[in-house]
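Visitor: Residue numbers (the working numbering), protein chains in the order written: chain A, 1 to 112; chain B, 1 to 114.
Keep in mind that the hints are not guaranteed to be accurate.
Residues from chain B shown here face chain A by an in silico Cβ test under 10 Å; the list is partial [what the hints assert, rightly or not]: (1) S33; (2) Q41; (3) G42; (4) F45.
Computed footprint of chain B on chain A, listed as stretches where at least three residues anywhere in the stretch have a Cβ under 8 Å from a Cβ of chain B [claimed, not checked]: (5) 44-53; (6) 62-73; (7) 94-104.
Don't read these hints as lab results, they were simulated from the structure. Note that CB positions come from ideal geometry on N, CA and C, so glycine has one too.
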Amino acid sequence: DQQVKQNSPSLSVQEGRISILNCDYTNSMFDYFLWYKKYPAEGPTFLISISSIKDKNEDGRFTVFLNKSAKHLSLHIVPSQPGDSAVYFCAAKVSGNTPLVFGKGTRLSVIA
Amino acid sequence: KAGVTQTPRYLIKTRGQQVTLSCSPISGHRSVSWYQQTPGQGLQFLFEYFSETQRNKGNFPGRFSGRQFSNSRSEMNVSTLELGDSALYLCASSRGQGHGETQYFGPGTRLLVL
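The shape of chain A in the complex, shown without the other chains (with noise of 0.2 Å):
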């Protein structure tokens, strides 16, 4: 049972637009959220991330809104860059000593 899922495995978006990467989670108990962005051959690289009393956490051009009601959170990324083209990770955990769990990744291209 996929407990976080990123339910579009790829998105293309142009240069200097928004990209919104999506991920919905089942575990009611989950209260902090994080975004990781992975380069091939590279580890994945700690991105935002934003705790269950928030709504909204902002960080440059990364904003991640949070949608408790709906199990849902977004990452924003305004303006696009070449430079975002990578694989996006959602994860979530619980309060404590707790691991992580991953949603399968979206590769975002944005495209010059």
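Got chain A sorted already, so can you dock chain B onto it with the hints?
Guide: Quick look at chain B alone, frame taken from chain A:
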């Protein structure tokens, strides 16, 4: 500050052999988690070690094991390798203090089993 390092970066083994992978966490981090990434499966959690003790365990067979040393460095071992064990193995470190904590990943070890 140096990041998470993993050795070796690439490894080729044959079925039935065993393999040991190594991970050195960021200085000051006491938690090391291991993940397996295969195409189309995302990152699957293997186990987490904190202060030399396994604190969490994923749903993998007993052929997958690990340990952590007093300097927080960790190793994972896979015995009796199968073709399906071909994957990218990632380790991640954190302070290990729980809520709101970010894990930082190493570059991974790519294992190919022939």
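Visitor: Now, for every hint given, state plainly whether the structure supports it.
Guide: Verification of the supplied hints:
Hint status for S33 (chain B): holds, given a least beta-carbon distance of 6 Å to chain A, under 10 Å. Interface hint status for Q41 (chain B): upheld, as the beta-carbon distance to the closest one in chain A is roughly 6 Å, under 10 Å. Look at G42 (chain B): its Cβ gets to within about 4 Å of chain A, closer than 10 Å, so that hint holds up. Taking 10 Å as the C-beta contact cut-off toward chain A, the hint placing F45 (chain B) at the interface holds, the least distance being around 5 Å.
For a cut-off of 8 Å, the count of residues in the segment 44-53 of chain A with a CB near a CB of chain B stands at 5, and the three-residue condition holds. Coverage of the segment 62-73 of chain A by chain B is violated in this model, with 0 residues showing a Cβ closer than 8 Å to a Cβ of that chain against a need of three. Coverage of a stretch by a chain is defined here by at least three residues with a beta carbon nearer than 8 Å to that chain's beta carbons; for the segment 94-104 of chain A and chain B the count is 10, and the condition holds.
In summary, the structure is inconsistent with hint 6 from the numbered list given earlier, while agreeing with all the others.
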